[in-house]
Every structure is written in C-alpha cells, then in structure tokens.
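Going line by line, the protein sequences match chains A, B, C and D. Per this note's numbering, the very first residue in the first sequence carries number 76; after that it's consecutive. Per this note's numbering, the very first residue in the second sequence carries number 76; after that it's consecutive. Per this note's numbering, the very first residue in the third sequence carries number 76; after that it's consecutive. Per this note's numbering, the very first residue in the fourth sequence carries number 76; after that it's consecutive.
Just so you know, the hints here were simulated from the structure itself, not pulled from any lab data. Quick reminder that beta carbons are idealized off the backbone N, C-alpha and C, glycines included. Worth double-checking, as some hints may not be accurate.
Simulated coverage check for chain A against chain C, where a stretch passes if three residues somewhere in it have a Cβ under 8 Å from a Cβ of chain C [unchecked claim]:
1. 94-106
2. 120-128
With a Cα cut of at most 27 Å, we get these calculated DSS-like pairs of lysine-lysine [said to hold, decoys possible]:
3. 155/D with 155/A
4. 129/D with 218/D
5. 129/A with 155/D
6. 155/A with 207/D
7. 129/A with 77/C
8. 207/B with 77/C
9. 218/A with 162/C
10. 129/A with 207/A
11. 155/B with 77/B
12. 207/A with 207/D
13. 207/D with 220/D
Number of protein chains: 4
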Amino acid sequence: MKNVAYIEEPVSWQNSFRFFIPITIRFSETDMFGHMNNVSPFIYFEQARIELLKEAGVLLDDGDNSGVPVVGDLQCDFHKQLYFDDKVRIYVKAQNIGTTSIDIHYMAVNESEEVCLTGRGRLVFINVSTGKPVPLSSNVKQKLKML
Amino acid sequence: MKNVAYIEEPVSWQNSFRFFIPITIRFSETDMFGHMNNVSPFIYFEQARIELLKEAGVLLDDGDNSGVPVVGDLQCDFHKQLYFDDKVRIYVKAQNIGTTSIDIHYMAVNESEEVCLTGRGRLVFINVSTGKPVPLSSNVKQKLKML
Amino acid sequence: MKNVAYIEEPVSWQNSFRFFIPITIRFSETDMFGHMNNVSPFIYFEQARIELLKEAGVLLDDGDNSGVPVVGDLQCDFHKQLYFDDKVRIYVKAQNIGTTSIDIHYMAVNESEEVCLTGRGRLVFINVSTGKPVPLSSNVKQKLKML
Amino acid sequence: MKNVAYIEEPVSWQNSFRFFIPITIRFSETDMFGHMNNVSPFIYFEQARIELLKEAGVLLDDGDNSGVPVVGDLQCDFHKQLYFDDKVRIYVKAQNIGTTSIDIHYMAVNESEEVCLTGRGRLVFINVSTGKPVPLSSNVKQKLKML
C-alpha cells in the first residue's frame, strides 16, 4: 500500500476498523477497460457512511434538531484495481469526532485481504432551516466511538 | 430500424419530433465491452423529458397545484450500439396528452442520422399532499402540443 | 397491480418466479422528492439478470463461442413508489427461451410483499467478432428453464 | 472559499485555469435533500479530464505505446451547495506534469462566478499489457502545458 497523508501508521490504522458493509462491483460500475469506474468508490463510501450513521442513531430525517449530514470534502486513493463481480468489504469509522463535524475514514478490502481503496472525508451536521452547524449529541458521539 | 409496437409508421413518427437535447456518451456510461451502458438511455430520456416539461411551463416545484410528474412506465428499444464519446440528439415529444397524464415518446439519433434508440413512457401528474392525479392546465396542454 | 401487456395472468405470473437477488435502495439512488430514481430499476434488473446468467452458466467473457448478451429492449412498470433504504427482492426469470435470444421478466417485491416494479426485456447472444447472433447451447437452455 | 492544502494561493490558482467544459446538474444527480449528489463531482471531473486529454492528443485507445490513464487518487472539496439544473463550468488543468504521471486540478464555477467545488487527482499512464508506467511524450507534455 502506497503512503497517504491521512494514514499515520498503516497496520494500526487498518486494525482500528470494525464496521463494514459488503459490496459487489456491479456490471454497470465497470468501464470500457473492465475496471471498476473511478466514481464508484464514492458511491460505496457513501453507502458505508450512511449505514454507520444509522447504526450510531444519527437519523437522516428524524424531525428533531439533530442536523443533516453534509459532505465537506472527500478523497480516495486507489491502491489495487477492482473488477466486475469482485466482492469487497467497505470498512468505515469516525476517525475524529468534533463538536459539529466528524472526519470519516474508509478502507476497501478484497477477498484476498488486500487493501484496494482507502479514503477519508469530513462530514458537517447542518440545521436545514438555518443552514448553521449543529452540535452532535454526546449519545451519538459515544456510539460513533464504539463502532 | 426493427418494428416496435408503439411506432405505427416509422417515417412519419420520426418526422413528428421537433424538440431535442444534445448528449455526449460519457466515459462513466460505458461498460467493459466499450458499449454505452443499458441504463444510460433512461438517464438521457429523463433529462430530455425534464427539458420538454420546463419548456412547456410544467415546473417541478412551483408551489401551486400543478402536480408533480411521476413515471408510470418506461421502455427503450436498442436499434444500434452506441459508444464512448458518440454525439447523440435525444428527441422527445408528448405523443398523447390525457387529462392527468401524457404519453411521451423518445428517439436518439447519432451524427450519421441513424436512429439508435427509441422509447416511450407514461407520466402521471400527482398532487404530492393527496397522492391523487391532478389535471393538466389547458395552457400546458397547448404548449406540449406545439413542442 | 395495474395491468401490463406482458403479464397474462398476474397470480400465476408472480408465482412462477424462483430466482432473486436482494437489493437495498441506496441514498445515491433517490431523487429530490425522496423517491427511488426512475433509472434505478434498470440497474437492479441488470444486476439480477447477470446473476441469473451466471447461475445458468452463461459466462460473460469465457473465451469460447457462447456469445455475449446484448440488450434488445427493456421496459419497466412502476406499481408502487420505493424510497431510500427500502429492502427489495428483485426476481428474474427467462420467460421465453429462443434459439439466439431470451425474453427475461422481472418483478420487485418489497418487505410488505407488495409488487412495486415489473418489467421485461429481450436479450440476444452475439458473437463479438462477427456481430452475428449465436445459438444458446441446450445445456444453458436447460439450466435457464430450471431457474 | 475555505482553505485546502493543494491550493497555495487561491486567486492566482483560480486565474491559472483556461480549459473547461459546461455541465448542467441533472435531475438524476440530485438526492432527497434536493442537493447535487456527493458522487457527481467525480463524474464531472472525469468528463473534464477526458476532454483535456483528448485536446492534448492523449488518445484513450490509439493502439500505440502511449499508455492508458489510470487514476491514482482523487479528492474534492465542497465549497457551495449545487442544485438541480444549476449550470456549472468545470475547469481542469495539468498542475504538475511528471515523467509518467500528471497531477490534475479541478474547479467548478457557477453562473454567479462562485467557486462551488475544487479538487485534484493524480493520473498515471500505464501500458495495458505490461502494467508498467509509460513516459509521456514531449509533444503531449507541451500541449498539456498550453491548455
């Protein structure tokens, strides 16, 4: 795995993930070279992130004051090519938990236990009406730390 | 062009289109055989349909009682393969205009003036609050006939 | 369920399906009304179709003379709205098996056992080099009938 | 515009772009909050990148030894929300041109001349047969510097 700035120490970083979703590379997600499309990791990351947030009790439209998650930035490093029908586990965790935002890290591992993709991105919680950041509850923070 | 049930007479059907949007087949829309993905026509049809509706003054969220367009069915016939970077005109028209729904027809023509895709689909106008069909205004009907 | 031309008798038609894949509506597959995008059924149908073909031993790139599946037409009827995170079973079967093509039928059923989508489409098997249709082996035909 | 690590000085960085493609946010690219999907910028960046490479004479499948472009990493910062039907110019340039790779920068500007997205990513040129990096020709390098 090549070096990336957001991973301080690869082995401990990889071992710190617990939560994942299984993904199979769809036919519609391959391009004319047979590779997984470069856009697809961000679809998988999003899906993994949503499952993590649901697990942590951050509902998407719960009508209370918990704020809607908005993407601040996103990045992905491509370490190994992925192909049609590859089975991949998309790991996700809240690497840093701030007052109104979290830094989320991602890792895609194939069936040979190779790290194929790594990534990260910041998520800010916004009140839809006011457009202003909303603090995360201590309950949600606690759950995110456990996942 | 092979026969399809929704086209009575091909030549007059083709000539009856006026409104179109230009589309270029994107790299992310090709699959591992280099062909345009089978899903892509429905993205193009949607885009063409929305431009037609805008042109006819059917706004998507105008706050009045004009109803939101909901897809009842969709179909597409693939007459000629399309490839990455092909330039295509997506023609669209309201073939039949009912009280609360319209039957929309589609045709994709490449730069060699070949018909590559044909299609159709019914659109029903629904009141979001009640879930019930909403009649089209005579003004909108009139505009749709002209396009 | 509204009537559609390709379904002769709804109850026996529904009961004739055996093979399915599970799908969860992804966040990226919803539109600004919260509904599943109209394009998504065709992504699910494709995925279900590929799994059916794999199960029947129709490989996608097996190097022999078995032909590559090419879509002739596709259609989908929308019976009930689907939303983010809905769990759906996408049923698929080879309704009619011809010499060089098959007519594939589709049905999406939600967790309340409601039929939300139905569809069909013709698949033709083509030799990539010659561009000509290739007959299906009796072995593949036999397997398709069983699924 | 918030600070991002890959932009040393915002004003001169913005002014250094020349090449762009026009994009309209498609309906299918919005999510249930009405926002542009977080995945869409990477589709637009890819399309802009391909147009830049074509303009520079880097063909995708030209049969010679020029190498196929493979994505090493990708990142995007979201500065301002984008919505359905927004018209955006996607600027793209080769920020750094190495022996076998280039660092590409991206900027999306809306009709009010606001920077909505910025991004970057490394592209490596690979020989499909050997899997090894291929040096860029001086001709291509020269053209990339001009665009």
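Here is how each hint holds up against the structure:
With 3 residues carrying a beta carbon less than 8 Å from a beta carbon of chain C, the region 94-106 of chain A meets the three-residue requirement, and the given coverage holds. Check result for the region 120-128 of chain A against chain C: holds, 3 residues qualifying (beta carbon to beta carbon below 8 Å, three or more required). A C-alpha spacing of about 32 Å is found between residue 155/D and residue 155/A, which places the hinted pair above 27 Å, so the restraint is violated. Distance hint between residue 129/D and residue 218/D is fulfilled; the C-alpha atoms sit about 10 Å from each other, no more than 27 Å.
A hinted pair counts as satisfied when its Cα atoms are at most 27 Å apart, and residue 129/A with residue 155/D qualifies at roughly 26 Å. For the suggested pair residue 155/A and residue 207/D, the alpha carbons sit about 14 Å apart, so the restraint of at most 27 Å is met. For the hint linking residue 129/A to residue 77/C, the alpha-carbon distance of about 35 Å lies beyond 27 Å, and the restraint is violated. For the given pair, residue 207/B sits about 16 Å from residue 77/C by alpha-carbon distance, which is consistent with the 27 Å threshold.
Between residue 218/A and residue 162/C the CA atoms are separated by roughly 25 Å; this keeps the pair inside 27 Å, and the hint holds. Taking the CA atoms of residue 129/A and residue 207/A, the gap is about 22 Å. The hint holds against a cut of 27 Å. Restraint check: the Cα-Cα separation between residue 155/B and residue 77/B comes to about 10 Å, which is no more than 27 Å; the hinted pair holds. A C-alpha spacing of about 48 Å is found between residue 207/A and residue 207/D, which places the hinted pair above 27 Å, so the restraint is violated.
With a CA separation close to 24 Å, the supplied pair residue 207/D and residue 220/D stays within the 27 Å bound.
Violated hints, in rising order: 3, 7, 12; the structure is consistent with all others.
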